[in-house]
Amino acid sequence: MKKLLMGNEAMAYGAIEGGVQVVTGYPGTPSSEVFTSLAAMAKEKKIVAQWSVNEKVALEVAAGAAYAGARAMVTMKQVGLNVAADPLMTLAYIGIKGGLVLVVADDPGPHSSQNEQDTRRFASFAKLPVLDPADPQEALIMAREAFEISEKLGLPVLLRPTTRTCHVCQDVEVSDAIVPTQEVTGFEKNPGWVIFPSLASKRHSWLNQQQDEARQLFESSSFNRIDPGTGRQGIIAGGVAYHYVKEALDLLGLDIPVLKIGTPYPLPVNLVMKYLDKLDRVLVVEEQEPVLEDQLIQMVFQHRRPVILRGKYNRLVPREGELDTGKVKEIIANFLKIELSDHKKVLNSPPLPVRPPILCAGCPHRASFYVFKQAALGTDAIFTGDIGCYTLGNMAPLHAVDTCLCMGASITIGSGLQMVEPNKKIVAFLGDSTFFHTGLPGLINAVHNQAKQTVVVLDNRTTAMTGHQSHPGLPRTAIGEPVEPLDIARLAEACGVGFVRVVDPYDYAASLEVARQALAFEGVAVVVMRRECVALVKGGQTARVIDSEKCLDCGLCIEELGCPAIARGEEGPVIGDTCTGCDLCRQLCPTGAIIERGGAE
Amino acid sequence: MRKSLNILLVGVGGQGTILATRVLAKAAQEAGYDIKVSEIKGMAQRGGSVVTQVRLGEKVYSPLIAEGSADVILAFEKMEALRWLPYLKQDGHIIINDQAIAPVPVLTGAAVYPEDCLERVKQLACHTMVVDALNIAVDCGNPKAANVVLMGMLAKRLPITKETWLKALKARVPERFIDVNLKAFEQGFNL
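These protein sequence lines are chains S and E, in that order.
With the numbering used here, the residue at position 409 of the first sequence is 409, and numbering never jumps.
With the numbering used here, the residue at position 125 of the second sequence is 125, and numbering never jumps.
By construction, these hints were calculated from the structure, which means they are not laboratory data.
Any given hint might turn out to be false.
[What the hints assert, rightly or not] Chain E side only, calculated, beta carbon under 10 Å to chain S, not exhaustive:
id, residue
1, Gly13
2, Asp34
3, Leu82
4, Asp98
5, Ile101
6, Ala102
7, Val106
8, Ala111
9, Val112
10, Tyr113
11, His127
12, Leu191
These numbers were taken from a predicted model, which means no experiment stands behind them.
Note that beta-carbon positions come from the ideal geometry of N, C-alpha and C, so glycine has one too.
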């Protein structure tokens, strides 16, 4: 049966067809919908779906299930794998019993990430096989087959889609047939599960042997194939780049042989050698790192093939950003020394104003940032930030995020800054989900090392940026079952924080008072700014309007808040339809010119 | 062999480009096309410049539309129309919603909104249609249906039957909004 599916949904269907029993993960664009699609099917398909507090936890929980023989899947974005690196590197030595598949989504561009790291590289570093789908249909098949590959090799398998597979929709062939999994045998005690150095040295030899096993397995894999063509020049392409190559060749009217690679590590040597047999020159087209190219250079050298390789090392193929058909067409033309006659439409006019993403109208984070900026006015405070919608607090006019590195780094970077700049106020902003992810260890570290800083938890009761997923601070699980929520304020108290307050950011006066006290506190202070994400509670409050009689057009509401609902009109500011009635501007207006829409003047 | 078509939907996060894309994808699927739709989610959705790419044909490889190869651009905001214009084919059509949404640099006075953006588009594109979709949607009963007015205009210009469009619209729009959306679609279709 054909279904119009997004790549992430397709992988969820693939996992079901592959007999997945346990799925864990942590949200992260572009990976999140793999998990949420599985969670939506969890009850019907009788699988366990749990959001974990972070990727390390997710991988370990899934590994435990696989130790007992279950088929398990873990989902995350590429930087999440850094958090899960510790269990991953040694899990490769220990191996697994039930199939274990890590879906790790890469984001060349990057569109929604802090870097462009290549998970294929990570897989080869961890000595684990990796599958690289070219489109949603192939992603489904790979998700299904990955469990069997994992069990055959006794190793976790990585499935690495990129944004242009995750968030691309196409008609996908889905099946109701589920691979019948063998009955789960349960955990069997033996010394093989305990990684002593003596075991590690033995298992390392085994792991190295498995590289050849995996290579052998991939020699006949349907994920790799040769599209025949004519001439003695060819192209090797991996992942979504394969489609750009095919289309570019169509546009150029060329018929040259293409080797499509879906198993970038370990690369099947016999297949590659067979392909190279009839060729003199080969172009390697892949996004991100030269993962295929490096292995090809090695193979060509080892097998003394006089073939000329072209790709990233002679700067024909970029190592940064995404590819597309246009770029690949130019690359191929360059490789084959063909003249292109394209002319592009040039906007030879002044550059347009940029339209960066912004905090939504009524976003409680805007109020929180503004309050702390005001409380710290004239103090030269440093505002450290974290990963979430609130990284946008960096933008004008708020300018309330001075650093952002990775998940959980707001508190820790702040602690380091404070050691060197003891006279400056340090305010660390992080979200509720991020607090649970990796914020807590930093908070404990700050208390133990007697740091002096204010930690602001922007508690909007959700994981907003990635599409509103649940977390341990909420009274429901990933599949919507009720659960006792963890209280961030009580956790902070238990960590030994001497000043803990919870306040509503929509209440400006109360928030300002708490912010001032927190900044004056000699030690670690935690302020939980609690107010539900405005995208979840639309339509709750009356919008505001400006009473033009009272408005002096001082510009404060526009210039200080940067709220997209307030624009400059011909006679002073105007509040538009997107106003949610958060009331921040009314509380700040020096002349009381902002009132409830339809309210008495 | 079906002619392949590249359609770019551009606008501002929150304008309903994703829903419009889903309706288009559904209609194209019903009509038997091979399709690829590419969306960008995450940070850009927070009021940023957003683009979705829809490709239809006998066999579609790339999920992305190359510069200079869009048959139609459906622009939900006029400055975005200008921004994405380099993607339009030499003889392509551009349908523009006559609405200006000021980005933050304009709101705060750091940049100026290009008031002449429609004129600039018209100078560079051969087939430009400008419509006040917001006003039409208001007349239909809900300003949020502006995206469906634009869908209707697009529908008239694509080789997919009206019945197929209506079926797709009903499949993708929540039940309680269907009447206003059908009205909005009809208005757009008849423009």
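Do the hints match the structure? See the list:
{"no.": "1", "hint": "Gly13", "in the structure": "7 Å, holds"}
{"no.": "2", "hint": "Asp34", "in the structure": "7 Å, holds"}
{"no.": "3", "hint": "Leu82", "in the structure": "6 Å, holds"}
{"no.": "4", "hint": "Asp98", "in the structure": "16 Å, violated"}
{"no.": "5", "hint": "Ile101", "in the structure": "8 Å, holds"}
{"no.": "6", "hint": "Ala102", "in the structure": "6 Å, holds"}
{"no.": "7", "hint": "Val106", "in the structure": "5 Å, holds"}
{"no.": "8", "hint": "Ala111", "in the structure": "4 Å, holds"}
{"no.": "9", "hint": "Val112", "in the structure": "7 Å, holds"}
{"no.": "10", "hint": "Tyr113", "in the structure": "7 Å, holds"}
{"no.": "11", "hint": "His127", "in the structure": "14 Å, violated"}
{"no.": "12", "hint": "Leu191", "in the structure": "23 Å, violated"}
The structure fails to meet hints 4, 11, 12 from the earlier list, while all remaining hints are met.
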